[in-house]
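Novice: Residues per chain are reported as follows:
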Amino acid sequence: MSAPVITGHGLVKHFGPTAALRGVSIDIQPGEVVAVVGASGSGKSTLLLCLAGVLRPDEGEVHFRGTRIDDASEAERSRLRRSDFGFVFQFGQLVPELPAIENIALPLLLDGVSRREAMTRAAEWSGRLGVDDVGAKVPGELSAGQQQRVAIARALITGPSVVFADEPTGALDSLAGEEVMLLLAGLARAEATAVVIVTHESRVAAYASREVLLRDGAVVTRAGVA
Amino acid sequence: MSVPYALLGILERGPAHGYELKQESDAVLGSPVQFGQIYSTLGRLEKAGRIRLAAEEPGLGPDRKRYEITADGVEEFRRWLAEPVAPEPRLQATLFTKTVLALQSGLPADEYLDAQRAAHLGRMRELTARKVDADISTALLADYALFHLEADLRWIDQTRARLETLRQEVTR
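Chains W and H are the protein sequences, given in the same order. By my numbering, the letter at position 41 of the first sequence is numbered 220, and the numbering carries on one by one without gaps. By my numbering, the letter at position 147 of the second sequence is numbered 1177, and the numbering carries on one by one without gaps.
Derived by calculation from the structure, the hints in this document are not laboratory data. No residue lacks a Cβ here, since even glycine has one placed at the ideal position from N, Cα and C. A few of these clues could be false.
What the hints assert, rightly or not - Below, a sample of chain H positions facing chain W; criterion: calculated Cβ distance under 7 Å:
#	residue
1	I1068
2	L1083
3	V1115
4	E1118
5	T1158
6	R1160
7	L1183
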């Protein structure tokens, strides 16, 4: 087994008096698709945000490619999130004023890639996600499924090492959800991008190669299971 | 079939007459079992050395017999509880029976449900992988199984979350 791309060790996170994480450890291998599952309030979104450098854990460490990132400066973590991580959320993540194709190109433009180059690569990715025919439309004119495909294209366009997806199919009906998961899992495997998916849906979790079950802020270890 | 294990589970808590076994197994299995099936199952379990006659009381009829579990029987019952059932649609009767029996015997029902959850999700992963690049018939057949397994899994999660309340009710 190769070195993990991202690790969380002994992660503890409180919100006021409530413990969201009580010492969670997790290793994500390069290119693997992992589902983080558990009931509402089990800490799964908090874990994702700690791994992604959005939240700082109260205790424990997060390492990306062997370098500790939880204690890095805000500027450094922000750079990581832009260039090495991709994000897909349930909804509300696209810039409403921008056409789909520009939403996809946005991370490259923010990173200083030329507009011409960024738009060429965005066109390529919109083709891979099957949204090339709606590139000129703004998010409000797209179906929920199309919006998620645009979001996935935007998350993958920088060639990130890890994509963090929080309930990526939560706003979709079952068929649109399936299509989004097939694309997300399939493209991530093709690009050797690791994916951490937070979900409460078992059919979504079944696209991952393994699951991490959280209960009350801790990983459930299954005694007696091979 | 869960009848022999239901009987072993009840006897694991203490010796019982055929009539008591019938009453308690009806509650645990969720549907009534014929007396004839109870007595024939007891006969098979006795022959297999998993239970034995504790006492034969004077009188007429089969219910003068009192049964107790053997060490082999205890082992067999615990092995069955701990082993996840092959994940397939419409398991709820078996899963419910296992959960109630485990709670009544003070055995770790939570661990059994977690193991069952893992077995179910493992099967769902196989079916999901089979759908990739499959023709539409294969994909829809896999979907049929996936939706049923998902329903089971939601039941497992719900039961796991309400285990303490169930424990209080079934161990009263």
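Novice: Any of the earlier hints contradicted here, and which numbers?
Specialist: 1, 2, 3, 4 and 6
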